[in-house]
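Listed below, chain by chain, are the residues.
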Amino acid sequence: MSDDGRTPVPLRVSRLAKQYAGGCGVKAIDFAVQPGSVTGFIGVNGAGKSTTLKCVMGLTEPDAGEIEIFGEPATFETRQKLGFLPEERGLAPRDRARDAIAFQAQLKGLERADAYARADGLLERVGLGPRRYARVGELSKGNAQRVQILCAIAHDPQLLILDEPFSGLDPVAQAEMQSLFDEHRARGGSILFSTHGMSVAERLCDQVVIISRGCTVFEGPVADAAAQAPHGAYVTCSDDAGLIAVADQLGGAAQPFPGKMGQAMRWRVLLPSHVPYPALLRAMGERQLAIQGFEPIQADLEGAFWSLAAEREAA
Amino acid sequence: MRRIALIARREFLAYASVPSFWVALAMGPLLMALAAFALSAFGGHKAAPRPDTIAIEAQDAVAAARAAGAVAEAGRLEHRPVQVSLAPNAKAATTVRLVRTDGALSVQVRGGRLSDVALALLRRDLAGSAPTRGTGAVTVAQPPPAAPAPHDYGRFGRFSITVLLWLVLVGSLGMLLQAVVRERSNRALESLLSSVRPIELVIGKLIGVGALSILVVGAWLGGGAVMAGMSLPGIGGGVAGPLFHDVASPAYMAGALGLFVLAYAMYGLALIGIGALARDVAAAQNLSRPVFGLLLLVFFVALAQVAGMGEGTLKSLALIPPFTPFVLLLASPGALDPTSLALGLAGMLATTAALAWVGAQALRGELRLKPFRGPRGAAAPT
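Sequence lines, in order, name chains Z and S.
Quick note on our numbering: the first sequence kicks off at 130 and runs consecutively.
Quick note on our numbering: the second sequence kicks off at 13 and runs consecutively.
Treat the hints with care, as some may be off.
[Unchecked claim] Distance ranges between label pairs, derived from CB positions: (1) S:Val273 <-> Z:Glu190: 40 to 50 Å; (2) S:Phe304 <-> Z:Gly175: 32 to 42 Å; (3) S:Ala365 <-> Z:Ala242: 15 to 25 Å.
[Said to hold, decoys possible] Some residues of chain Z that are not near chain S, with every Cβ distance over 10 Å (derived): (4) Ala221; (5) Arg223; (6) Leu257; (7) His360; (8) Ala362; (9) Gln378.
Simulated from the structure, these hints should not be mistaken for laboratory data.
Just so it is clear, CB atoms sit at the ideal spot from N, CA and C, and this is done for glycine as well.
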């Protein structure tokens, strides 16, 4: 049940594990999508986002764990309530736009006439009405992706699962996508979408699920996630040992951070909450460390993400 | 069922909506019609038939004259040239001897046979001839009909049908392979599999392309039937009659169609599995080569069967599923006992069911090929 105890949770994933022969996959994924919410599924490339979504959609068999859809174990029938935009985008190039959408809608159970009416309505909605008879292969990449997204929502699913829906979309198309999200929510639907774009997630989501190396490291409201962001700065300097000593001196810690600046290592320096980051600058100046880069850590989702991912790494 | 029908319809239309498909489809009947025209034209230039030579031997000149008249009249009625002589003729194909015993007249035919019309006219005319008038019926004796030649000309007709179905099968399998690889290369497989079960996708594609194949088989066999209808009556006494006698029956055609469907399902499911494992067209072509190689081997076995394969080998091959449909198509009626037939069909059905499961698993991605590492250690896409 959902937080209100009355509505079944659209999606609950518990202790999900899936390992591929190559070694990637997921180890311990736990989260729930609340009714009427937009949930961001966040992780770096290879963290296990797509694997998790494939398991949810039945495209691959998990090794362990449970998946519930609207309070019932995930089966082919319960998955019919879901709309899915896979990571691998593609439609038959010879299909006409309205045929492609209506075909997916019919597969999900709509009658032929209803499916075509729905397809035409959706194409009008995103400004592709005049091109409804165009073949998918004749559409621009962005428009083809819009058609693909319309295929996912053609049967008006109660839960929409989208794998990286914003990749490849221009700002106008992104804005349209957001308004489609809003309309879906207004009808009482829920959305789960994966992304590695923190700003998008921060802007659109009520909830976020952050995963790192195949494990859930955070699940909750965006504001709570942002509060997890540490206090400190990303620093690059000429003397790594000197920087570590400065961090120690201030009661904090310096951790290597992905991405070098030239030959120099990039460090994430975490400070106690009572130490402002200018104090770090001063201490580095006193030690005469040549600062090549200095960027305060923002108290936002991105900061929280890196912090949580680093904690997982350390664990 | 609804989802299977939708997939099948989509697959059918993917090919049937292209004009070139219908042009290619029309080629079969056109070729058949050309063949029929050629056969008819060939039949029309036959040399004028040689007359039957019939010698009448009788001591009674009146009876002999009547007999000659009756035989000649039969020739006229039957549109056959007949040359009658009233003297013993060693070169005559047929000799009619009139023998009078105790006033009764009997007719003894030797060498060839007289037609029923000629015999009826002989009885009529000789019964009224003096001095036998009113003395009773004329008895006739002639050799029994010759036994037909023991050659199994029908195997060539069956071979023609088998080659036709083999050609359609190979073409259909290529289409089916394309149909599966297309989903992968269009990156549409995940989208489809989120809406349909893998087995539904497998069966839907099989039915969609299968419907196209049946259309092609129908067009070709229909063309064949038209050809048979146009040309066989005219050349029924020639080579084509015995060649196509076996296969012209509705029972054989229905059996051939059934075997084609079974063969298509078995080989088609193997190709679907291969197509699902392949990442692109090149990989699919490489992986499917053994299947097409096997089909080529089957073709050569069919050739060997026409040349006269031993009964033991025939029975053994009928039990090996890839060969079963073609061996059954080519086997002459009664060549295989019911047990061999049942075992062969059961083997095919079991193989087909196993391949359906493998195909569904491959589509779902649960079966994966390990990347091939070349000499430089680079992983080839699979």
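Query - Index of numbered hints that the structure contradicts, given in increasing order - result: When the structure is compared with the hints, numbers 1, 3, 4, 5 turn out to be violated.
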